[in-house]
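In case you want the letters, here they are:
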Amino acid sequence: MAENKVVKILIVDDDPNMRDTLTDVLELDGFVVKSAASGKEGLEKLKAENPTMLILDLQLPDIAGLELCQIIRKDPEFAAIPILMLTGRFIQADDKVSGLDLGADEYLVKPVNPPELVLRIKNLLRRCGVV
Amino acid sequence: MKLQVLLVNKNVKETQEIKAALITCGYLVIGVVSQEDGLKTVAEIQPDIAVFAQDVMINPEQCCTFMKADPKLSNIPIIVLGNTQQPEVMISVLNAGADDYLNPPVSIPELIARIKAILRRVSMRGVIEEILKCGDIELNLAKFQVRAKDKDVKLAPKEFDLLYLLMKRKNYVLSREFLLDRIWGYDYEGDTRTVDVHIRRLRRKLGTAAGKIVRTVHGRGYCVTE
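So the protein sequences, as listed, match chains F and P.
Numbered continuously in the numbering used here, the first sequence closes out at residue 546.
Numbered continuously in the numbering used here, the second sequence closes out at residue 320.
Keep in mind the hints are simulated off the structure, nothing from the lab.
Positions of the beta carbon are idealized from the N, C-alpha and C atoms, including for glycine.
One or more of the hints may lead you astray.
Claimed, not checked - Cβ pair distances, simulated, as ranges: (1) P:D246 - F:E442: 45 to 55 Å; (2) P:A236 - F:P526: 40 to 50 Å; (3) P:E182 - F:K420: 25 to 35 Å; (4) F:A495 - P:K262: 21 to 31 Å; (5) F:V421 - P:I225: 24 to 34 Å; (6) F:P529 - P:D164: 27 to 37 Å; (7) F:A479 - P:G120: 43 to 53 Å; (8) F:Q474 - P:R295: 48 to 58 Å; (9) P:G313 - F:K420: 44 to 54 Å; (10) P:R297 - F:K525: 50 to 60 Å; (11) F:D439 - P:S168: 27 to 37 Å; (12) F:L443 - P:P203: 47 to 57 Å.
Given the sequences, and given the hints that come with them, work out the whole structure.
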């Protein structure tokens, strides 16, 4: 990452392989990465770690990703945090629209292409005035 | 104030469908059919967002780089409606500064949702930052505040929007029709004299600071110049 500012990304995904892969890709690009395996843990880490942005899986074991996105957007402290939503390959088009309508800034379908993910994150952070 | 989307697409049917969906959502839409006209229109009207179909872009990367390099245009988000599923093309276009790249075929509901998401994000940032200055007039968008010769000027919301648009597009002549559509919306039943009335009030409230800054361009419209 060209910018000196530390960008901390919280990944909320129940799939350990996906968490590891995303962590490797993002750390290689200079991001600081934290992760959580459930919606509940995600909310706890959001408050404890105060990340710059969130990567949120749509299908979590306890709280659905869309619901979690809504909960976060209703919290004044995190209402403006950039959120990138990740979903499985066979997602319905309606879910994409719902995710964006409920407050996600970006939406990507797995499997994720690492250079695309990094570029979309950087573009999102630029739009948000973070970098 | 209505948000304005520039749509650059030569596919007439797709343009009509996207346009109809955007208008239903309350956006103002301007459509052109070539990259050249797209870039010319972007500079002239400075829309809130520009949607380019890749089919009309002679060189998508160059087009995005051109906009991002111009300080007046760099904050305008760009969505590219891709014509290929090749990841390397998407990456190259995103790398050149596009805010989004949609794989074909275009899903109109998804495009609308992405436009909304980008504009929601931009507005969160834009209102924090934007302070426009022209001569003795200063407009602070976030505080809904106007100062002329260092004195606060109380403007009605439409007068504020009018001054904001004119200052934002400083040195461009904006037609009465454009201002009417942008501020009052397509469905407004009044005529362009509404704009003249608001300009008159604006000049009166700004006093001598308005001077030659808020100009009438005969037969064309209004312009703010320094």
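Here's how the hints hold up against the structure:
1. P:D246 - F:E442: 45 to 55 Å: holds, 50 Å
2. P:A236 - F:P526: 40 to 50 Å: Given range 40 to 50 Å: holds, Cβ gap about 41 Å.
3. P:E182 - F:K420: 25 to 35 Å: holds, 29 Å
4. F:A495 - P:K262: 21 to 31 Å: Holds, at about 23 Å.
5. F:V421 - P:I225: 24 to 34 Å: Hint holds: Cβ distance 29 Å, inside 24 to 34 Å.
6. F:P529 - P:D164: 27 to 37 Å: Check passed, 31 Å falls within 27 to 37 Å.
7. F:A479 - P:G120: 43 to 53 Å: violated, 29 Å
8. F:Q474 - P:R295: 48 to 58 Å: holds, 55 Å
9. P:G313 - F:K420: 44 to 54 Å: holds, 51 Å
10. P:R297 - F:K525: 50 to 60 Å: holds, 58 Å
11. F:D439 - P:S168: 27 to 37 Å: Because 32 Å falls inside the window, the suggested range holds.
12. F:L443 - P:P203: 47 to 57 Å: Because 35 Å falls outside the window, the suggested range is violated.
Checked against the numbered hints above, the structure breaks hints 7, 12 and satisfies the rest.
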